[in-house]
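With these hints in hand, go ahead and build the complete structure from the sequences.
Chains L and D are the protein sequences, given in the same order.
Using numbering that gives the first Met the number 0, you'd call the opening residue of the first sequence number 0 and step up by one each time.
Using numbering that gives the first Met the number 0, you'd call the opening residue of the second sequence number 0 and step up by one each time.
Heads up, none of these hints are tricks.
For the chain L half of the interface with chain D, some residues (derived, Cβ under 7 Å), not all of them:
| no. | residue |
| --- | --- |
| 1 | Leu8 |
| 2 | Leu38 |
| 3 | Leu50 |
| 4 | Val69 |
| 5 | Ile70 |
| 6 | Ala96 |
| 7 | Ala100 |
| 8 | Lys116 |
| 9 | Ala125 |
| 10 | Ala152 |
| 11 | Leu155 |
Hint data in this document are derived by calculation from the structure and do not stem from the laboratory.
Glycine included, C-beta positions come from ideal geometry on N, C-alpha and C.
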Amino acid sequence: MTPWEALALLLLLFTGVLVVTLKNAIHAALALIGNFLILAGIYVALEARFLGFIQIIVYAGAIVVLFLFVIMLLYAAQGEVGFDPLVRSRPLAALLALGAALVLLSGLWGVNLAFAKDLKGGLPQALGPLLYGDWLFVLLAVGFLLMAATVVAVALVQPTRPLDALSPEERKEEKEVVR
Amino acid sequence: MSYLYASALLFALGVYGVLTRRTAILVFLSIELMLNAANLSLVGFARAFGLEGQVAALMVIAIAAAEVAVGLGLIVAIFRHRESTAVDDLSELRG
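See the structure below:
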């Protein structure tokens, strides 16, 4: 492990800790952007250049900005809200997270992989034939899923019908009710 | 291998965040952290076994985008209705 790798992984874990501990939601989202940028750098180091740029454009650029929009729209920057039904549950949560980490690390224990496969730089030229070959149906399914998600998002946040949208007869009835 | 270990630790951090955060938006941020930990291990395995891992990571990113769209739509709808995004307020599962 070179010093640069160690630095990148340490920064990755540090920004991850910031994401789960910072009190202000906006600060947590900004830490998440930092986490994603470092992750993009690691992807480039792992010969996944296309994925690295997608990580910056889609994740840091679109998804987290959407998060920031919603946080600011709802004035939900305050992370500690409501009552705490399980008082001092943090150590328990830390213990459970530690257990998850141990399970995952025990799965990796003793595995020795050679990270030396030639991936042609992970450029679109190398990914394209796979994406439109073996993975074509997965690609189509994901496309359909994205369309469904768009429809659901629009349907969910649609406001109840405003008065202007009523037909003339309905509006007349509405006015009579108001009188 | 250090990348895979880091991915495991990052996933555990996401688990901790999901368990401790009390706002729905911050729970979502932790879920994103977990998705990215999985992505990191996929890309790491791609370096050892071949390009398929990177294609899978690409699919995970697309699915995460769909999940965020639906999730944030839900959060906005719930906030309109209840003036709150605290997950503990929603445990009754009724309007």
